[in-house]
Amino acid sequence: MKSYIKNTLKILSILIDEIVVGIFLFLILPRAGIKVPLKPALAVIGFLIFKDVIAVKFLWEIFEKRIEVGPEALIGEEAVVIEELNPKGIVKVGNELWIAECINGMAKKNEMVRIVKVKGTKLLVERPE
0 MKSYIKNTLK ILSILIDEIV VGIFLFLILP RAGIKVPLKP ALAVIGFLIF
50 KDVIAVKFLW EIFEKRIEVG PEALIGEEAV VIEELNPKGI VKVGNELWIA
100 ECINGMAKKN EMVRIVKVKG TKLLVERPE
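The letter at position 27 of the sequence shown is residue 26 when you use numbering that gives the first Met the number 0, and the numbering goes up by one with no holes.
Treat the hints with care, as some may be off.
Using 25 Å as the maximum straight-line C-alpha spacing, the simulated PhoX-like pairs for lysine-lysine come out as follows [stated by the list, open to error]:
id	residue 1	residue 2
1	LYS118	LYS87
2	LYS38	LYS56
3	LYS87	LYS121
4	LYS5	LYS118
5	LYS108	LYS91
6	LYS116	LYS5
7	LYS50	LYS9
8	LYS87	LYS116
9	LYS56	LYS5
10	LYS1	LYS56
11	LYS116	LYS91
12	LYS118	LYS1
13	LYS107	LYS118
14	LYS5	LYS50
15	LYS56	LYS87
16	LYS91	LYS107
17	LYS9	LYS56
18	LYS108	LYS121
19	LYS87	LYS1
20	LYS91	LYS121
21	LYS121	LYS107
22	LYS34	LYS5
23	LYS50	LYS91
24	LYS118	LYS108
The set of hints was computed from the structure by calculation and includes no laboratory data.
Generate the whole structure from the sequences, applying the supplied hints.
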């Protein structure tokens, strides 16, 4: 359900210019007494839709891009155990040391673990099966 809402918002953000122009051409201008010919109005909306169809390929890649900054970017990365995780200890991610908790048992020193969640300043990690 969450991804449905997320995808709906993505589509609405792409179509926002068509929605605004449509409201302006078909609601605001006629109420102000300005008659807008139907064919040119539809041509403008059609052009905007065509533009979005072309642009959506590039925009969708940006929308789907994974977080690259902040602690959340660590999720899915691997870390090296520096101090045995029993279940808490210290791991090294890149050049940083983090307090970590192993969610599926123990992990020995120099063992590789995968980061599954960031909880404040603590990483929740799991041993590979």
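Quick rundown of the hints versus the structure:
no.	hint	in the structure
1	LYS118 - LYS87	13 Å, holds
2	LYS38 - LYS56	28 Å, violated
3	LYS87 - LYS121	10 Å, holds
4	LYS5 - LYS118	24 Å, holds
5	LYS108 - LYS91	11 Å, holds
6	LYS116 - LYS5	21 Å, holds
7	LYS50 - LYS9	16 Å, holds
8	LYS87 - LYS116	14 Å, holds
9	LYS56 - LYS5	17 Å, holds
10	LYS1 - LYS56	22 Å, holds
11	LYS116 - LYS91	15 Å, holds
12	LYS118 - LYS1	21 Å, holds
13	LYS107 - LYS118	22 Å, holds
14	LYS5 - LYS50	22 Å, holds
15	LYS56 - LYS87	44 Å, violated
16	LYS91 - LYS107	13 Å, holds
17	LYS9 - LYS56	13 Å, holds
18	LYS108 - LYS121	18 Å, holds
19	LYS87 - LYS1	32 Å, violated
20	LYS91 - LYS121	12 Å, holds
21	LYS121 - LYS107	18 Å, holds
22	LYS34 - LYS5	37 Å, violated
23	LYS50 - LYS91	47 Å, violated
24	LYS118 - LYS108	22 Å, holds
Checked against the numbered hints given earlier, this structure breaks hints 2, 15, 19, 22 and 23; the rest are met.
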